[in-house]
Each structure stands twice: as C-alpha cells, then as structure tokens.
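Asks: Top line first, the protein sequences correspond to chains A and B. Per this note's numbering, residue 623 is the first one in the first sequence, and the count goes up by one each step. Per this note's numbering, residue 56 is the first one in the second sequence, and the count goes up by one each step.
Please note that a few of the clues may not be correct.
Here are some, though not all, of the chain A residues that point toward chain B, as calculated from beta-carbon distances under 10 Å [claimed, not checked]: (1) L636; (2) A738; (3) L1047.
Some chain B residues near chain A, calculated using beta-carbon distances under 7 Å [unchecked claim]: (4) T115; (5) D145; (6) T147; (7) E149; (8) D150; (9) P155; (10) R156; (11) I159; (12) T160; (13) D163; (14) D169; (15) N180; (16) Q184; (17) D247; (18) A249; (19) S253.
Because the hints were derived from the structure by calculation, they are not lab data. Ideal placement from N, C-alpha and C gives every residue a C-beta, glycine not left out.
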Amino acid sequence: MLLEYATPLTFIALGAIFAYSFYAVLIAGQLSLGQAGFASVAAFSAAALAPSGNDVGEVPALLIAVAIGMTLGALAAVVLGLPTMHLRGVFLAIATLGFAEAVRVVLLNSEWTGGAQGLAVPRILTVGMAWIALAVVAYWFWRMGRSRYGRALEAIREDELAARSMGIDVGRHRLAAFVTAGAVAGLYGVLFAYYVRLIAPGDFDFAAAVEGLVTAVVGGSTMFLGPLLGSGFQTMIPELQRAVGVEAGWIRPFLASLLLLVVILFLPGGLASLLPRRTRLPAASGDGNGAGDGNRPSHLAARRHPAAGETVVTLVGLGKEYGGVHAVRDVDLEVRSGEVVGLIGPNGAGKTTLVNMISGLVPPSSGRATVLGVPVGRTPVHKVAAAGVSRTFQHSKLFNRLSALENVLVGAHLVSRPTFLRRLLWLPSARRDEQAALEQAARCLHRVGLADAAGTRASALSYGDQRRLEIARALASEPSLLILDEPAAGMNHVEASTLSALIRSLAADGLTILFIEHNVGMVLETCTRVVVLNFGEVIASGTPQDIASDPAVIEAYLGTEDDEPVTGSVAEGTLADPTGGSAEVMAADSVANVRPGAADTLEPPDTTPRNAS
Amino acid sequence: MRTKLTTVAAATAATVILASCGSGDGDGGGDAAAERTGEGTGDSCTIEGAVPIGAVLSLTGAAASYGESQQRGLELAAEQLAEKGGVTYDLTIEDDQTDPRQGITLFDQFVSQDVSLIIGPTLSNAAVQADPIAQEAGVPVLGISNTAAGVTEIGDYIFRNSLTESAVIPQTIAKATEEYGLENVVVMYSNDDAFTESGYEAFADALEDEGVEVAEEIRFSKSDTDFRALLTQAQESDPDALVVSALIEAAIPLVTQARELGIDVPIIGGNGFNNPRLMADAGDAAEGVVVGAAWNSSSDNPENQAFLKDFEAKYDARPDQFAAQAYAGLMLVDQAVRANCSADREDIKAALGELEDIPTVLGEFSIDENRDAVHPAVVQVVQDGAFAVLE
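Full structure from sequences and hints, please.
Replies: Structure representation (structure tokens):
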C-alpha cells in the first residue's frame, strides 16, 4: 500500500530537505537563493568522488557521498558567507543567486560533469532512507527551536539591533545558520542525485532555488514542521490533479499557482500556522513567581557587579558629529556603581546619541569612553553587552513575533549556557539549564509585573506593557549597567510611579542605572544624580535638588520655548510653576506625568492593538 | 479568516482522500491483464479489453513545444486505431512538466497501473532517469523522440523509433559536403542544453570524418536571442557554411539575424531546426537552411500522404517530425500487439524487437538488435518556404 506511493513520498522527503535548507536561514531572517548552488556543488562532487556501490556496498557508498556532499555544501557556504554575511534582505538574495548561477555555468562548462547532458549516478536511495534523512534534519531543527541558539536566531530575525544589544554575536550566528543551510542543501543534492539517476546543472537552476524557497515559505518559516508541510503540499498538488482527472496541460500549473496564491494570501504564516502552537509558560514552581529578588538558582552564571563606588562609565571629551552637526560635544562624565543617573534635556539635546555611544551602538567621533572596563567604539555591541551593559530603546525594539516570555529568554542569552547540542542528545543538564533560564525569565517578568502576560506575543501587548517588557528583557541579562531610554513614555502616573519604585529597588540590588526620561518629576524622585544635556553639552550635573534650582537648567528649558514648546511646558510645569510650589514638593508628592500638553508631540502612546497582522 | 483556514484545511483533506480513490481506480486495471490476449493475427486480431498504454510527454515546461506536437500525433493515431477496431487502446497521456521528478513519478505510476507499454518520455535525459523503472518492472518502453546515445542501453525493454543523432547527422554533413563542397565551416551551438550539446558532438565527429575544417566553435545559451555579435565573429572566418546545433527558439532569431548580416552561406541545422515554425517565423531568411531529419515531410509514400492530410484536417496545422514520430510510434505498437495478438508485456517486448520493414510515415521501419530504429533519414533544404529533399 505504502509502496505504491514510494515515489511521491520520496520526493516529499527530498523537497522537504531542500526546503529545510531555506528554513535554516529564513529562521534567522536571511533571504538566500544560493542553496541550489550548494546542492549542485555537493551533488556533482559526491557523484564524482564517492566510491561505487559495487566496491563498498550501496549504503556505505551513499553515506560517503552524503558526507562529501554535506562537507562541500558547508564549505561552499563558508566561502560565500564570509564576504556576504553583512548583506541584508534582497542584497543577500542577489549575491547568493549570483553564486548559484556561477556554479551552474562552471559545472556546465566542465568536462567531468558531463556538461548539459549531465552525470549518471546509480540509484541507491530508497523511500525509507529519504525519510530517515528527513527525520534527522527535522529532528535537528526541532531541537534547535527551543535552545539558546535557536532563540538567538529568531531574535536576529525579529530585530537585529536589539539582538546585538542582548549580547548575541549576530555575525557568527548568521554565518552558522548559513553554513547549516549549506550542509542541508548539500544533503539534498546528494540524495536527489542518488535517486534520479542523472543530474544535470539545469536541475539546480534559479527555478529550483525559487521552488525551494516557495516550499519553505508556504510551509511556514517559523515552525520546524513548515518545510515538511510545504513539500507535502507542493508534491501532492500534481498528484491530486492527476487523481481527480484534471486534464494534462496548462490548466494544471495554473491551478497549482492559484492554490499557492490562496495559501500565501490567507495563511501568511504558512501551512504550519494551521497547527496549534504550544506557548511556553514559566514553570509554576512557585519560586519563579513568588520569591522575587533573592534566591538565584546556581545554574545561571551570576554576574558579579562592581563594588559600590567603583567607576562604571568613564567618558572623556566624548563627541559625536553627523556631517558637521554636533549631536554630542565634549562630554565628560563618570558614573559610579550604585548610582541612578537621570539624563534629561530638551528634545534633540543628544541624550539618545550619548547612550547609544555608551552602549556601543554608535562609535564616537571624538574622545573616548570606557564602560565596565571595555573601550566602547572599537568594541562590537555584543561584547559591550557581555561586559554587563543592557539597555532598552526609545522606540521599543521587541521581538514582535515572540511571546513575552521568549523575549525575556533572549535577554537571558548572556547568562544562560548554550543548550542546542545537549538538547540534540537529550542530556538532562540541557533541560536543567533551560529550566533555569525559564525561571530567570519568569522572575524578570514578575518583577516588572508582566507575569500574567508571559504567553502573549510581544506585538499584542499594550504600549506601556511593551516598555515594561523591554525592561524585563534588559534585566534578564543581569546587567551591571542598565540603560533605559525613556522607560516611562506612554505610562500613566501610577505606572510611572511603580516604575520608579522598580528602578530604586534595582539600584538597591547593586545595579547602576542610567536613564533618559522626559518625566522630570519622576527623574527627580528616582535618581541619585541628574545630568542635564542641552545642544549636545552637559550644562549641569548634580543631585536632584541642585538641578531643580539650577538657573542654567531653567534657562535651557525656558529658553527653548519658541522652537521647543514641548519641553517648555515641562519646564513650566515642573520648575517654574508659580502656583504649584517647588519642584521638590512635586517630586516628593508623587511621580506625576507633568506633560499633559506634550502628549501629542511626543511619540504617541500606541493604543491600537498590534496584533492586526 | 478562521473559516477560510478551515476551508483550506478541509479542501486539502478532501483532495488527499480523492487522491487515494484515484489510485484505487488504477489498481483495477490489473484485472484486465488476464484479458490481454485475443484471437486472430495481424489485422484480424481481436482483443476483448482495451490495451492500457501510458504516455509520458512534456506538455508544460521547457520542452512543452515538442510534447504538444507529440500529443497531437498520438491522439491522431489513437483515433484512427479506434476506428480500425479489433484492438482498442486506452491511451493515457500524462505531463511530466519537463521535470525529472514528475517523469520518475509518472513512470512509477504507470508501472503500478500495469500498463502494457509506456511511450516517451519526450527528452532523452528524462529517459535516462525514468526508463530504468520500467526496465526493472518489465514494462516495455517505446521512446518516440529520444535521440541521445545510450538510452536503449538501459535494458532490453527499452526501444525507440527515433533515429539517434549519430544516425542522422553524419548523413546530413556528408550530403551537404557533397552538395556544397564544404571545406571550412563555423560551428555554433548552445552548450547548456543536453539535446543541442549532444547534437554538437555528433556534428563535430561527422565534420572530422568528412575532413571539413572547423574554423571556429562558438557557444551560446539556449535562452539567448541576440546573436549578432557572435555571427559577426563567425563571418570573419569566411566559412562555407554555418553548422548550428540549437533548439528552435534560438534557431529562428539566429537564422534571421545571420541573413540580416549578409551571411548567405548554407546554414546546416541539427534536429532542433526540424520544425515548420522555422519557415513560418523566419520567413525568407530560412531559405537555404539544411536540416537532417528522421522524417521526410515531403515523402510521397501513402502512409505519409494520408498522415499529412489527416493531421491538417484534425488540427488545421502542419505536423512536425515530433508529431510524425509519435504517430508512427503508436502505429508500431499496434503492429507489435497484433503480431502475437497479445498485449502482454513480454509478448509486446518480443514483437517490438522483431519489427521489420513496416511501412510507416517514417518510411520502411525496422528495429535493430540494439532496439534502435532503422529507417531512411533524409537531408532537407528549405526551398520556397517548405522543406524539400536536398538532391
């Protein structure tokens, strides 16, 4: 019974393996069309180099061919990947397509490949072997899904910059994904060759690459079963049309394309989105939820914070120039461990540029900066993060298609151990490490008050919750220096007050915190020190009390009234309110959002649900 | 949205079920095997059940233009055989989409449906991939357009009625050398197609055998359409003729542009030129093109005259060599079935191997000991918008 379907079943398996080679990079957000080239290199080399089945037995011959093919596929991916990994999106697609085309032309013009007439290969592959190979590949991607490595790839796909700031070495991960794609494509090439008996360079052309990509996308590129579903769909359509008696000819490709269009239109997540997806929730083991701050499990690499008073950030004459415009000019600043430093200033004062330089995202044009012993500017972002810097962004940079919990798990990248290889072997230690990471993530979610939203997609959270989720994600890496860029934007005063309490409790844990905030009342209440920036320069630095009465600060806020009505109202509300008493009174009283008039000019609180897609 | 998803899922499920029903029907064909022998011989042979024949053609994809011609030839033959009576054929034509995976799947399917014989596939490389399946299962295959060497070497169940390139091309070169006194030629071919590349190899061997000097070899891609630069390059060698191995899609612009550039020497084409579209699309430029062919379209043997008339009546178009070979193919299968009055696979295999001097549209036809076709080839030249025998 099953034997009757042996051929289509074999092609489903082969198609799925090829689609996995696209899945391998799509999951990391890379669009590559070079897989046909890898498959081609692998298939021809393996067919030419592997010993004949008559000498060593058929299965060993196939295994040797597979080993040759996967190795060469992976090597080709390294060779192509090293110069192209910095390319994104369509540029990478074009570069890799060029590679595949070059391979095709070279093989076409080589003697040993038989040129256009192809190379004869014995048929060794059986339907059983094809499905075993598919099972191994699918297993690989299944176990990868919930490992630290798999999460890192997904994070890169969702937001590369945020992934970098969470300490993920994006270049290395992207190359690893690309090499995996090369090896899997090589496997496909060899298995294909040992099934169809004759391979020609034309079998691995642009159309083949596009078909592989379409299979992966139709199946779903975010779930490991996607390529299998896609291949089943693509392979069965002609079979079904034959079975129901659609006459051969143009009508069949037309119907097949139509069906494809329907799937793409109505199932943007691919066929895999029809499958129920288990959302992972933190283990309800109590200690994750209830215990809060204190008891940290020993599996995670606990970070030792610098002792209170040690220098955390040193900026000397730091400046940033954009084509003659000085965003930041000659800033000298020292932040010591345990401090809570608030960075305020009118819009465009250079606050975000300054923290971008401190967190390594933007190299300074002049001066130097040392953060936690790392010279930033010359150090890649993920190394700065590894030194203990964690941050949130002015505009939330969450991993939108991941759940809140998964977002925080990515945040824990630096403090958790790699689990992928151990997950492949089902080692209990991997499970323990994953559990520890989960508990850590749950604790961070709980700390910002989002424990109930763990399973919700980040994009479906309210604006305020998204800001809090970003803080939880930043906390998960157990940073020594936490940088928050306008954390209270979009929060009401009750939420802002809770946030203020959270920041102070974090400081009590030994974290150093640097944050930008427009809510001056909150800054004054929360910080141990306030730094005021105007036109890229530090105009004041001191305790909240000093700052509140500093004439230069008042001048900066009031003086910009003409072109900065927003901050003008802030200043009026907080610092120069003739009836509302002094700023200290305000601050002591409550953390109020004192910018009612500013709401429309700042980034508006996003109340529309983001799950529209 | 949700209901739509459910609909898609339901549709998928429904089609899967239909698929299993569909192949269930195929199994039913197995019962017919017992009824595949009849009584009488030759024209008086009568077989009770319809003889199942599968045909794998490239009806879509790169080779679609050939497959469509073949489909017409087969359908015309099937129609005429049905009228003749005695033995009826259940001819199933399937499309391999010019995709090796589909070709293999279809051969597998026909084998499991227990057909008496498989016709096809259109392309030689598909034959190398798919024919072994029939060979292993003991199902005879008749190739109707496979011209590459080695196809019938796959096994003793594999036959073809198409002359190989090594049968046609040496004759073409010999005839043209004699006619035009060729001494020095330029060879042009597309090197990214299995068919044209093997055609080139046959040309190169034949030219060497005839002692014709090749001034230059110029390669292009089968998808090229602008040959002016290459033709200018060829012109510099001042050749006595251009020898071109290309598919018809490239042949038409190549010939047209050659004449535009003032190259008025004969253009000797491979099998790909063997298409009425050459005269239709290239017009006057096609005059003087020499093509070796397995089928002489102007042959006045009665089978051919009847075929031309019937084909034009049915399709309102002129047949090409692929249609003629397909038509001849099914007629030969009928001969083989009637020879032993049996549609049993082994009997057909035996009878095919013994075909000798059968009058067909291709001329007197025999199968040699290598299961390859033997029949007169013809060298044609385009004259007044039609192929004429080069004499």
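Asks: A separate judgement is required for each hint: does it hold in the structure or not?
Replies: Now for the hints, and whether the structure bears them out:
1. L636: 8 Å, holds
2. A738: 4 Å, holds
3. L1047: 35 Å, violated
4. T115: 5 Å, holds
5. D145: Status violated, d = 14 Å.
6. T147: 9 Å, violated
7. E149: 6 Å, holds
8. D150: 4 Å, holds
9. P155: Holds, because the Cβ-Cβ distance from P155/B to chain A comes to roughly 5 Å (cut-off 7 Å).
10. R156: 5 Å, holds
11. I159: Since the shortest Cβ distance to chain A is 6 Å, the answer is holds.
12. T160: At about 5 Å, which falls below the 7 Å cut-off, the nearest Cβ of chain A leaves the hint on T160/B intact, so it holds.
13. D163: Nearest chain A Cβ about 4 Å off; hint holds.
14. D169: 12 Å, violated
15. N180: Cβ of N180/B sits 6 Å from chain A, so the hint holds.
16. Q184: Interface hint status for Q184/B: holds (5 Å vs cutoff 7 Å).
17. D247: For D247/B, the interface hint holds, since the closest Cβ of chain A sits about 5 Å away, which is under 7 Å.
18. A249: Interface hint status for A249/B: holds (4 Å vs cutoff 7 Å).
19. S253: At about 6 Å, which falls below the 7 Å cut-off, the nearest Cβ of chain A leaves the hint on S253/B intact, so it holds.
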